[in-house]
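S.K.: Okay, here's what each chain looks like letter by letter:
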Amino acid sequence: MSLLLIVALPFLGALLPGILNSAGRQACAGGTLAVTLTALIGLISNIPDLMAGEVITQRFEWLPALGLNVTLMLDPLGAFFAALILGIGTLIIIYGRYYLSRNDNMGEFFTYLLLFQGAMVGIVLSDNILLLLVFWELTSLSSFLLIGYWKHLPEGRQGARMALTVTGMGGLAMIGGMMILGQIAGSYDLSVILQNREAIQSSDLYVPALILILLGCFTKSAQFPFHFWLPHAMAAPTPVSAYLHSATMVKAGIFLMARMWPVLSGTPEWFYIVTTAGLITMVLGAVIALFKHDLKALLAFSTVSHLGLITMLLGTGTAFGVLTAVFHILNHATFKAALFMSAGIVDHEAHTRDIRRLGGLRHLMPITAAIATVAALSMAGIPLFNGFISKEMMLEETLETQLFGPHWLVPAIATFGALFSAAYSFRFIVHTFFGPKRDDYPGHPHDPNKGMWFSPALLVTLVVIIGVAPFLVEPLVKTVAGAVLGGVYAVPDYHLAIWHGFKPPLYMSMIAVAGGLILLAMHKGAQAAWDATPRPEAKTIFEGIIAFFAGLAEKITATLHDGAFTRYAAILSLTITALAGHAWMTGNSGGRVFEPQPMTEVALLGWVALVAATLFLVFKHRDRLVALILMGIIGTVVSVGFAYFSAPDLAMTQISVEVVTIILMLLALNFLPDVTPAESSAGHKLGNAVVAVLGGLGAAALTYHLLLGDFVQNSISEYHLANSYKGGGGTNVVNVILVDFRGFDTFGEIIVLGIAALVIYALTETLLNGPVRARLLNRVPDKPLAGDRHPTMMVVLTRIMMPVVLLVGVYIFLRGHNEPGGGFIAGLVVAIAVVMQYMASGFAWASDRQRYPYHGIIGAGVLAAGLTGIGAWFTGHEFLTSSFGYFRIPPMEKFELASAMGFDLGVFLAVVGAVMLSLESFSRLARRAHVPDSDYPMDIDPSREEETPNQEGAA
Amino acid sequence: MELLVASAIGILTAAGLYLAMRLRTFPVIIGMSLLTYAVNIFLFASGGLTVGAPPILSDATTYTDPLPQALVLTAIVISFGMTAVVVVIALGAYLGANDDHVNDLDEKEGQA
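Protein sequences, first through last, are from chains W and R.
Take the first sequence: its letter number 726 is residue 726 in the UniProt record's numbering, and every next letter is one higher.
Take the second sequence: its letter number 54 is residue 54 in the UniProt record's numbering, and every next letter is one higher.
None of these hints come from the bench; they were simulated from the model.
Keep in mind that a hint or two might mislead.
What the hints assert, rightly or not - With the C-beta cut set under 8 Å, the calculated list includes, among others, these residues of chain W facing chain R:
id	residue
1	His561
2	Ala564
3	Ser573
4	Ile576
5	Thr614
6	Leu617
7	Tyr704
8	Asn723
9	Leu767
10	Phe887
11	Ala914
What the hints assert, rightly or not - Reference listing, derived: stretches of chain R covered by chain W, where coverage requires no fewer than 3 residues with Cβ under 8 Å from a Cβ of chain W:
id	stretch
12	37–49
13	62–68
Stated by the list, open to error - A few chain W residues that don't get close to chain R, going by computed Cβ distances all over 10 Å:
id	residue
14	Ile44
15	Gly487
16	Phe565
Just so it is clear, CB atoms sit at the ideal spot from N, CA and C, and this is done for glycine as well.
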């Protein structure tokens, strides 16, 4: 089966449990199982090729510019882990089916589990390290969901959060490390990186890369000092603990160390960091595990310890170490998953995992007791079980390892760790299953049904088979070890066997087992001593650190973001000015400098008008109506300026936007106070003025410099000028740019404009349906209203103007392609014509005569523009490519038809709709219930004979 | 000529910034509109100042740079949309709370 399919199957299959959930638990678990089994079979179908020594790869370009491609690779190491993930996954699904109670949402659980499974398979099959990182983060996220599956348990939520924080931070560090590695090797493909051992190890960046990657591995695989999250993650349902926290996810870090082993290992840095961390973790985990009362906590710390063991083996940097590590990964996965499942069975049946409340269970649940005993004996390192063989190999490896002190130090520490390991394994067996039957179990313990013990039973069968006949798995272990070694060293010529003669490792094993038994006998006293010893509690420290950072973040936020908009504005202006100032002082502008053009009287006149209006506005801004009038003047001068400097389109746009903006502001001012009260102190004003003047000086200096300097790069405008007529069929280059060259931009912009208008509409609706409505209805105008709300003169004038303005709009629209004009300007002009009707005859009158809702007009505009763009597809061109032609209908002159016109029509409609919807929304706020809507266009109509309507408000 | 445009932009920016730092919504909106003018003129000016050479193809030999014009044209229209949204938010806040301060009232800055 294609590798991509194997990775994709769990992700696709993650949809199944949710769908099948309503079809019953059997269907739900069955569907999940089918997905995993299919992927497993797909994996197995690749094994023959692997056996032939091939490495199967598959490659799809994804983002080649970033070096991020979907490249998958299946080598023996990847296949080994993938088989573990899918194989144990299968067993876990069977177990989980019976473990989950009827109150648990099984669909949700299996969806998360499949997501996790897909992510894990993705990690081990990735050939691209960036892709690997994506999957890596996905495992963190999906494990977060799984740990926190029982959302009602605070420990579950806290544990999930802690796991995500720790592994997430490690993941971030690893991204950095991988980036460095990719930079050194010149490729993000693992297959290339693995060929570059020399280049990577001699690079100056080797140590930072190593440390960052190891941070990722250590956090994921719970190595000291990041081991503390794993026990807290045990709040998860037991299938999750068995799957993620013993067999798969925590081995992701180990996997990565193994994967990167050929390029990263063998240096003193690797040796000291990895071996030391592994050794400490191994001993620390074993010691703590002995004194835990919760079965799952005991197993969690024992997992920490065993992961430490594997890490240490990888750290030694020898071929034998790798061989042993691979073998122990296999062994640990079998016995530890079985142990977790047994612990889960005990918990499920006895309703407690507290070892102090258990004991004597072998009488009540013999099958479970047998399974757990075999698995635990393997964990203790007893002969005939697989744990014994790999543990002895580990002890042998330590004899060759010298770290810091004398050469007996590492073996001694390892034996010490093995001793505790034996002790907690014995304690697990004896305190849970042996001893007299008790009568105070919280539940009624008995063996569960087959479905639940099938999975652990299968695993312990493997434990025994491998333990008795290790030569069966020898080819497998050696092939995988060969893949890890990557040709740096040859696979050692060593035979996996129970008996290697009377050699030091055997004595060390014997010491460990005997010591373990003695320790168990003395457990009561040791436990008391342990409880009396003060220890740093990792959870407290972790929470303290989190609280510290949360507090710090809060403080910084509260200081910077204190709700005072004025301050933000000041800080922002100052920062930008300072940055610009820095650039000004240090940067090199280069380039040619032009002579300034001579000043003209017209320009000077405009400047004086603009400056006068602006200054006047600043000093008179408290009177809001005056401020608006001055704004209008400034806008007009700006528009004239555009016209003066050869931008007729801009001038027309600016002047028409100015009109609608002023109308909009007037509508708003209708509700806002007329005067801005004087509140700022003189000092405050002075401060603001200084900031403002600094910013203004900066802007002026920047502009002056820009105007006199030459372009740093050649402008693309030449292209536009040259191709406007040839390619776009229009002589108005600005319009051709808008509807053709940069049509996609414009398309986006009319959508933005439409959205803005819809936002305004929505906000208005919200206001009108909320408590504000009552206030609006009861509002008493603060100024006397005009006696004649709809003056005859205005009504008559706007009515006459309407067709004229519409004609102008059509004219501007049509000529747009070749002369100043176009959809934007035409839209604004037509909107103004319509607004005039509202102003003259009132909202109700006008909207009664408005046949199409403005939302629809916006939508029609966007649709027209989009369809015009799509039209290009039918002629085999790309989206928005325009075509044009010249036609002549006899009595008229030759004229041009361009597809861009359809696009411009869309722009036109969107602009009309957006402007009108905004203004209409504002005026809806002004409608008051107790003012009757007039049926007539004007209040006083000389041609009407009846009584004029009530003119309230005149008083 | 360049000095005129540059100083006009500077004055518009300064006035815009000063008004944007006022305490009520309305002057802040006016200030932002002034900043919009300044930014639009700045963008437009980046194409250089040319008198009497609009980018309408004819027999002429020189044309002003059309690209900044196209960019500013949409910017002007969009800024209308933006102003309208800000105004409706300001209006909603004022109608809802009968207060048009831009700063949080809890602030003890002595400005509120």
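S.K.: Tell me if the interface restraint on Leu617 of chain W is satisfied: Cβ within less than 8 Å of some Cβ in chain R.
M.R.: Hint holds; Leu617 of chain W Cβ to chain R Cβ min 6 Å, cut 8 Å.
S.K.: Hold the hint about Leu767 of chain W up to the distance rule: shortest CB distance to chain R must be less than 8 Å.
M.R.: holds, 5 Å
S.K.: Does the closest beta carbon of chain R sit nearer than 8 Å to the beta carbon of Ala914 of chain W?
M.R.: Since the shortest Cβ distance to chain R is 6 Å, the answer is holds.
S.K.: Run the C-beta distances from Gly487 of chain W to all of chain R and say if the shortest one exceeds 10 Å.
M.R.: Non-interface label stands for Gly487 of chain W: nearest chain R Cβ at 57 Å, farther than 10 Å.
S.K.: Given Asn723 of chain W as an interface hint, is its Cβ closer than 8 Å to any Cβ of chain R?
M.R.: With Cβ-Cβ at 11 Å, over 8 Å, it is violated.
S.K.: Please verify that hint: Thr614 of chain W, Cβ, nearest Cβ of chain R, below 8 Å or not.
M.R.: holds, 5 Å
S.K.: With a cut-off of 8 Å between beta carbons, are at least three residues of the stretch 37–49 of chain R near chain W?
M.R.: Contact hint for the stretch 37–49 of chain R vs chain W: holds, 11 residues under 8 Å.
S.K.: Have a go at the Ile576 of chain W hint: is there a Cβ in chain R nearer than 8 Å to its own Cβ?
M.R.: violated, 10 Å
S.K.: Report holds or violated for the interface hint on Ser573 of chain W, using the least CB-CB distance to chain R and a cut-off of 8 Å.
M.R.: This hint holds: Ser573 of chain W lies near chain R, its Cβ roughly 5 Å from the closest one there, short of 8 Å.
S.K.: Does Ala564 of chain W pass the interface hint, meaning its C-beta sits closer than 8 Å to a C-beta of chain R?
M.R.: holds, 4 Å
S.K.: Minimum Cβ distance from Tyr704 of chain W to chain R below 8 Å?
M.R.: At 4 Å from the nearest chain R Cβ, Tyr704 of chain W passes the 8 Å test, so the hint holds.
S.K.: Using the nearest Cβ pair, does His561 of chain W come within less than 8 Å of chain R?
M.R.: Check failed: Cβ of His561 of chain W comes no nearer than 10 Å to chain R, outside 8 Å.
Hint violations for this structure: numbers 1, 4, 8, 10 and 16, all remaining hints satisfied.
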